[in-house]
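Novice: The lines below spell out each chain.
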Amino acid sequence: MKRLIATSALALTLGALPLAARAAVTVKGSDTMVILAQRWAEEYMKKNAGKKVQVTGGGSGIGIAALINGTTDIANASRPMKKDEQAKVRDRYSVLPTETAVAQDGLAVYVHESLPLQQLTIEQLRSIYNGDVTSWKDVGGPDAKIVLYSRENSSGTYVFFKDNVLQGEDFASNAQTLPGTAAVVNAVAKEKLGIGYGGAAYAKGVKELKIVGKDGQGYLPTPENVASGKYPLARPLFMYTRGKPGGEAAAFIAFCLSPEGQAIVTKVGYFPVK
Amino acid sequence: MNRIVIAVIALSVASAAQAQEAQQEPQGQQEQAADVAALEGRLAALEEQLAEAKGSLLSLSRLKLSGYVQARWAYQQCIGNRQPNCSYEAYYESPSSAPSSGPSQTGFHIRRARLKGVYDADLAQFVLQLDASPSSVTAKEAYASVKLPKLGGLGGLAIDAGLQLLPFGYDVGVRSSSDLDLLERFRGARTWIAGEYDLGVTLRGAYGPFNLRAGVFNGNGVEGGKNWDNDQYKDVVGRLGFDFGLVTGGVSGWYGKTTDSRANPNVTKDRKRLGADAQIYLDLLPLGGTALKGEFIVGTTTLASGSGAGGDLGITGHAWHATLTQNLGRMLVLAARYESYVRDNNLVASARTVKELRALDVALHMFVGGNYKLTALYTHPMNGELEGPGAGDPAGTVEETDVYTIQAQAKF
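These protein sequence lines are chains A and B, in that order. Each residue of the first sequence is one higher than the one before, counting from 1 in this note's numbering. Each residue of the second sequence is one higher than the one before, counting from 1001 in this note's numbering.
Hint data in this document are derived by calculation from the structure and do not stem from the laboratory. Every value quoted in this text rests on a predicted model; they were computed, and no experiment measured them. Any given hint could be a false lead.
Unchecked claim - Derived lysine-lysine pairs resembling PhoX-like cross-links, with alpha carbons at most 20 angstroms apart: (1) 1150/B with 83/A; (2) 204/A with 192/A; (3) 82/A with 1064/B; (4) 1150/B with 82/A; (5) 1411/B with 88/A; (6) 1116/B with 88/A; (7) 1147/B with 88/A.
Claimed, not checked - Over 10 angstroms on every C-beta distance to chain A, these chain B residues come out as not near it, computed from the model: (8) 1058; (9) 1117; (10) 1152; (11) 1177; (12) 1242; (13) 1346.
Note that the Cβ used here is the ideal one computed from N, Cα and C, for glycine as well.
Just need the whole structure built from these sequences, with the hints factored in.
Specialist: And the structure:
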């Protein structure tokens, strides 16, 4: 019994040391949200001297994995957590993850500025990305081969696109995988026949296509269209914590949801959640 | 005249130079065209190589490897009058017999070392799990799986055939050996679902918050090298589980028969179990989450190795446990389990016969990142010696056989 007490005391002391050393809030995950999260972190640290917030990307899947294995306080995700991911958090920490929607995003579809095409339906977009349609001619564009750009499968943007556009089908094998939305935009900006997708906030130097909504009209991912639900590829952006947010993580999330935090959302190019 | 000659010569030279230049221009363009063609050819070759590489990568990405190693140091207090004959392993692996062999234990050993490969094709899955010990490598799981299409609201449908986990209970049917709260399963699971794996075919699927896994098995497990059914009877085993977020659980059933063909005449007995388990998760304390877990099994005929037909033929017993886990911050988890085990419901307790074995286990886990866990475990059998005092002991003697364990686990 004495040995057990001594061993437990040693384990508790060792366990407490890293907790004491770590005062920063770590935020990991979605590349779609990384710029937004960095702006939030900068403003938050300006207003709260001595507080530290560390933000990294890597994709929604990476952030959620970090939440499960305990290496991040907050996971940014541009897709909802899956049931088996929630179960892993529960099995490890005996709590369910808490989801907080912190912004809205319109998933934009980008093409080169010179491509003579203005809109696509969801069905056409699906046909392009599952490989059924390989020429721009088949969707009202020029007679030329479509060059596909996509994201890595750890990306929440990738998962959202696969679930909501491809409806679970696989991407075409010739879709080029790129790390991060900025890389997709960069590639499409240079490739006249390219098409890619990503957060609306990143669409610089490329043309955004209108996506046809349920009423048969084409809509761009503008704040009005996203807020009204007319834009068919709108999605919430989330922050996940293990259980109810507490301590510094709760304070940071509260800042993100504050009027000042939501004003930053608009500046970065996303849409406020409220 | 000389001027005319010079002019003619000059004109001739100029014409020749122009002709040469005109010849060189198409040659230059030809060279450029050849360069472009060569570059296009290389580009096409690179594209082909890239397509091949992507194809290979796609195959590799379908293969998922995982595994863990559990290295332990353990010390078991010795039964007083039986020193030096104490055995740590006997406590865990032969729960119905007293520690009887080997010296008193203060030793390092590998409890489990597992490597699992899953190849996930579009419609099929191949699973192989190996268990390594210093003396041997055995297959824990080896099954082929075919995925079935969704049927209305029924999803995740698949048929698994081969060596696989018995679909019974929470400790065995749900919980991985790398995630056990108290490092070992409770005695009831170690008795009536000993070995945890068997040869058979199962169907699994989910409907909303409910999930089912049920199948037909040889029924006597594969411990001790049993690769064949000992008789013609097959056992039906299954668990119906539910997941309502903060409350999960399930009910399990097992029915079959077993024949001891060494007995004369042959003896055929029922082999059956009924189980229920529940887990409740509470986010009450600021320290971290709390979980309450419990499981109950009533079983007839064990899977203990021996004649091949099983052990305790026709004998019905029951066992249960109640476990509390408390997360302490991000890295620490405290767990405590109280369990009760009755081997034979019809046994009459006496001064020399212990009917109900009770034990208390307390563990502290420390997680380092997502891959490493250090555990300190204290196991206190509350009855002392397993089957009552030994011959020569005064009646009612209770002797200590506490076990202290430190385990380091690395998992990927």
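Novice: All hints are to be evaluated individually against the structure, with a verdict given for each.
Specialist: Now for the hints, and whether the structure bears them out:
1. For the hint pairing residue 1150/B with residue 83/A, the CA-to-CA distance comes to about 18 angstroms; that is within 20 angstroms, so the pair holds.
2. Restraint check: the Cα-Cα separation between residue 204/A and residue 192/A comes to about 15 angstroms, which is no more than 20 angstroms; the hinted pair holds.
3. Restraint check: the Cα-Cα separation between residue 82/A and residue 1064/B comes to about 19 angstroms, which is no more than 20 angstroms; the hinted pair holds.
4. Straight-line distance between C-alpha atoms of residue 1150/B and residue 82/A comes to about 18 angstroms, which keeps the hinted pair within the 20 angstroms bound.
5. Between the alpha carbons of residue 1411/B and residue 88/A the distance comes to roughly 15 angstroms, so the proposed pair stays at or under 20 angstroms and holds.
6. Simply put, residue 1116/B and residue 88/A have alpha-carbon atoms about 19 angstroms apart, close enough for the 20 angstroms limit, and the pair holds.
7. With a CA separation close to 23 angstroms, the supplied pair residue 1147/B and residue 88/A exceeds the 20 angstroms bound.
8. Interface exclusion of residue 1058/B from chain A breaks down, the closest Cβ pair being 8 angstroms apart, not more than 10 angstroms.
9. Distance check on residue 1117/B: its Cβ is at least 19 angstroms (rounded) from any Cβ of chain A, clearing the 10 angstroms threshold; non-interface status holds.
10. Distance check on residue 1152/B: its Cβ is at least 17 angstroms (rounded) from any Cβ of chain A, clearing the 10 angstroms threshold; non-interface status holds.
11. Interface exclusion of residue 1177/B from chain A stands, the closest Cβ pair being 14 angstroms apart, more than 10 angstroms.
12. Every CB of chain A is more than 10 angstroms from the CB of residue 1242/B (nearest about 13 angstroms), matching its label as outside the interface.
13. With 10 angstroms as the threshold on Cβ separation, the claim that residue 1346/B sits away from chain A holds: the shortest Cβ distance comes to roughly 36 angstroms.
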